[in-house]
Amino acid sequence: EAAVTQSPRNKVTVTGGNVTLSCRQTNSHNYMYWYRQDTGHGLRLIHYSYGAGNLQIGDVPDGYKATRTTQEDFFLLLELASPSQTSLYFCASSDAGGRNYAEQFFGPGTRLTVL
Amino acid sequence: QQNVQQSPESLIVPEGARTSLNCTFSDSASQYFWWYRQHSGKAPKALMSIFSNGEKEEGRFTIHLNKASLHFSLHIRDSQPSDSALYLCAVTPNAYKVIFGKGTHLHVLP
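Just so you know, the sequences run in chain order A and B. When the letters of the first sequence are read in order and numbered with the numbering used here, they come out as residues 136 to 250. When the letters of the second sequence are read in order and numbered with the numbering used here, they come out as residues 2 to 111.
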């Protein structure tokens, strides 16, 4: 089964701080995604990537940067964190176009609190 | 932008009941339709998917899809307390993007 890991699992920072969330997948999936999950909003796509060096803009990208350094590693960067970015962040991978059509395999999540 | 809506927002049923969760979508060209389940404090995990109109059954779970009505649903037979979770429907407009609904909180009382 697909394996996606995230670090850190919990993070507290202050307004204006820099935060980097890390994600690694070991399934050789081509697509990786960053979502945020908030009560009343469900899962919302921030950024996604189809391979090393590629970045695609998601539905709620403002205030976030992302970088895909390798097939396995995808990072989410908050350069000037704001309290509105307090959320639960999930990374996911997908073998887009493969047998399990766009099935998302999620990591365990990172809970970020911006004070 | 695809609009995916779920109903109800929350549902409480007794153990053994038949539970029905609903999802509507706005783009008739959508290709795959998913249900994900997320237990408290855990990550979402794919439960079932369907591609063509009709019905698909896996154990106690059944998906119905009606593309013309822009509607699909998840039915749980003999609901168990372990089924208590957040259920997310999702639509794939293409091979690489998934759009999720806001979810239905299901509580199955023992």
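Because the hints were derived from the structure by calculation, they are not lab data. Be aware that one or more of the hints could be misleading.
[To be verified] A few chain A residues that face chain B, going by a derived Cβ cut-off under 10 Å, partial list only:
1) Y166
2) D194
3) Y199
4) F210
5) L213
Even glycine gets a Cβ: it sits at the ideal position worked out from N, Cα and C.
Verification of the supplied hints:
{"no.": "1", "hint": "Y166", "in the structure": "5 Å, holds"}
{"no.": "2", "hint": "D194", "in the structure": "7 Å, holds"}
{"no.": "3", "hint": "Y199", "in the structure": "17 Å, violated"}
{"no.": "4", "hint": "F210", "in the structure": "19 Å, violated"}
{"no.": "5", "hint": "L213", "in the structure": "21 Å, violated"}
Consistency note: the structure conflicts with the earlier hints numbered 3, 4, 5.
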